[in-house]
Amino acid sequence: MTEKAVSTTPAPGQTVRTREATRAEDRYVAPAVDIYETPEELVLLADLPGVAKEDLEVRLEDDVLTIRATPKHTAPGEAVWQEFELPNFFRQFEVSEVIDQEKISADFKHGVLTLHLPKAEKAKPRKIEVKVS
Amino acid sequence: MFLALVAKSRKRGQRADAVTEQLPKFRRQSVRWLDVAQMVLTWRRASQNHKGQREKEGRTMARWDPWQEMEALRREIDRAFESAGLRFPSLLRTGLWPGRGERGYPPVNVYEDKDAFYVEALVPGVSPSSVNLTVLRNSLTISGEKPRQGAGKNETIHREERTSGKFSRRIELPVEVDEAKAKAEYRNGLLVVTLPKAEQAKPKEITVQVG
Numbered sequence: 001m002t003e004k005a006v007s008t009t010p011a012p013g014q015t016v017r018t019r020e021a022t023r024a025e026d027r028y029v030a031p032a033v034d035i036y037e038t039p040e041e042l043v044l045l046a047d048l049p050g051v052a053k054e055d056l057e058v059r060l061e062d063d064v065l066t067i068r069a070t071p072k073h074t075a076p077g078e079a080v081w082q083e084f085e086l087p088n089f090f091r092q093f094e095v096s097e098v099i100d101q102e103k104i105s106a107d108f109k110h111g112v113l114t115l116h117l118p119k120a121e122k123a124k125p126r127k128i129e130v131k132v133s
Numbered sequence: 134m135f136l137a138l139v140a141k142s143r144k145r146g147q148r149a150d151a152v153t154e155q156l157p158k159f160r161r162q163s164v165r166w167l168d169v170a171q172m173v174l175t176w177r178r179a180s181q182n183h184k185g186q187r188e189k190e191g192r193t194m195a196r197w198d199p200w201q202e203m204e205a206l207r208r209e210i211d212r213a214f215e216s217a218g219l220r221f222p223s224l225l226r227t228g229l230w231p232g233r234g235e236r237g238y239p240p241v242n243v244y245e246d247k248d249a250f251y252v253e254a255l256v257p258g259v260s261p262s263s264v265n266l267t268v269l270r271n272s273l274t275i276s277g278e279k280p281r282q283g284a285g286k287n288e289t290i291h292r293e294e295r296t297s298g299k300f301s302r303r304i305e306l307p308v309e310v311d312e313a314k315a316k317a318e319y320r321n322g323l324l325v326v327t328l329p330k331a332e333q334a335k336p337k338e339i340t341v342q343v344g
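Sequence order for the protein chains is A and B. Counted from 1, the first sequence has number 97 at position 97 by my numbering; the numbering is strictly sequential. Counted from 1, the second sequence has number 189 at position 56 by my numbering; the numbering is strictly sequential.
Everything labelled a hint here was simulated from the structure, so no lab data went into it. Errors might be hidden in some of the hints.
Here are the simulated EDC-like cross-link-like pairs (lysine to aspartate or glutamate), alpha carbons at most 20 Å apart as the crow flies [claimed, not checked]: (1) A:K127 to B:E288; (2) B:K286 to A:E41; (3) B:K335 to A:E37; (4) B:K286 to A:E78; (5) A:K119 to B:D246; (6) B:K316 to B:E202.
Okay, chain A solo, but in the shape it has when bound (with noise of 0.2 Å):
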């Protein structure tokens, strides 16, 4: 599973703007995320604070599995000190053929995302039996 090199995608139909405009845009932020493998899965975890669930979009397209999300965050009061902004989150990672793309669950918990990604049958290690005839 290799990550995407792809920053924001401009919505279909999207005309071309120029640099100052594109500023303005909406800014995104690549969530820190952890990928481990089990002999079954590959278990991604996504660290998304402040993100509602129904903030939250996990889309899987052409192989192409996108977190994107969107905090809604009000300041309680006037800022008095600041160490992190609550930004739009967009990460892109390429999900290869031995992933089984059917069975892909998702999970949202304590602000991270889990997503299961079992392994397709003929990727899984298998034990072959040696008869002695």
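With chain A held as given, fit chain B onto it using these hints.
Relative to the frame of chain A, chain B by itself:
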């Protein structure tokens, strides 16, 4: 040979300058560098001796020490960058990476209104039950643990960008808070702590009476 010449001229004291004058230009330059290097070495040795002596004698009186001055300057610069967080949040792009900020974990935002302070901490993946909050006078301590996943026996880690482990951070507020009325809420990896200001810390209006 050249070094020997310098050393020799140095011994003779006042004649050092005369020798340097006659040397070709680039050599004159190197003599200066040598001088500087030697000066630095002497300084350093002196300051180290001085430090050792001071420690031995247990003296606390501060003396002018170029190394200490440099250290102080470095600290000043660090502090200047740190306080930049206040006015130019857009410069602190590291804070955009959740769990990857270069200051303490978790990264926090502090908001204020008339009655209270609001501390927001980014703690995705930390279960609310593992978060420990303590309020004492004007300080708030957030501690907890973010579990590490994928480190099992049959698991191979391909990418690990999220932080994990135990954390603890203390945030000092400018005024005392009402410990009894403090409350916290956990929303999708974002912890919001409301700390009402103590009665004596709230601003009071004084009406001016015309006599």
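Cross-check of the supplied hints:
1. At most 20 Å may separate the alpha-carbon atoms for a hinted pair to count; K127 of chain A and E288 of chain B meet this at roughly 18 Å.
2. Proposed proximity of K286 of chain B and E41 of chain A is supported: the alpha carbons are some 14 Å apart, at most 20 Å.
3. A C-alpha spacing of about 54 Å is found between K335 of chain B and E37 of chain A, which places the hinted pair above 20 Å, so the restraint is violated.
4. About 48 Å separates the Cα atoms of K286 of chain B and E78 of chain A, which puts this hinted pair outside 20 Å; it is violated.
5. Pair hint K119 of chain A plus D246 of chain B does not hold up; C-alpha atoms about 52 Å apart against a cutoff of 20 Å.
6. A C-alpha spacing of about 45 Å is found between K316 of chain B and E202 of chain B, which places the hinted pair above 20 Å, so the restraint is violated.
Hints 3, 4, 5 and 6, counting from the list given before, are not met by this structure.
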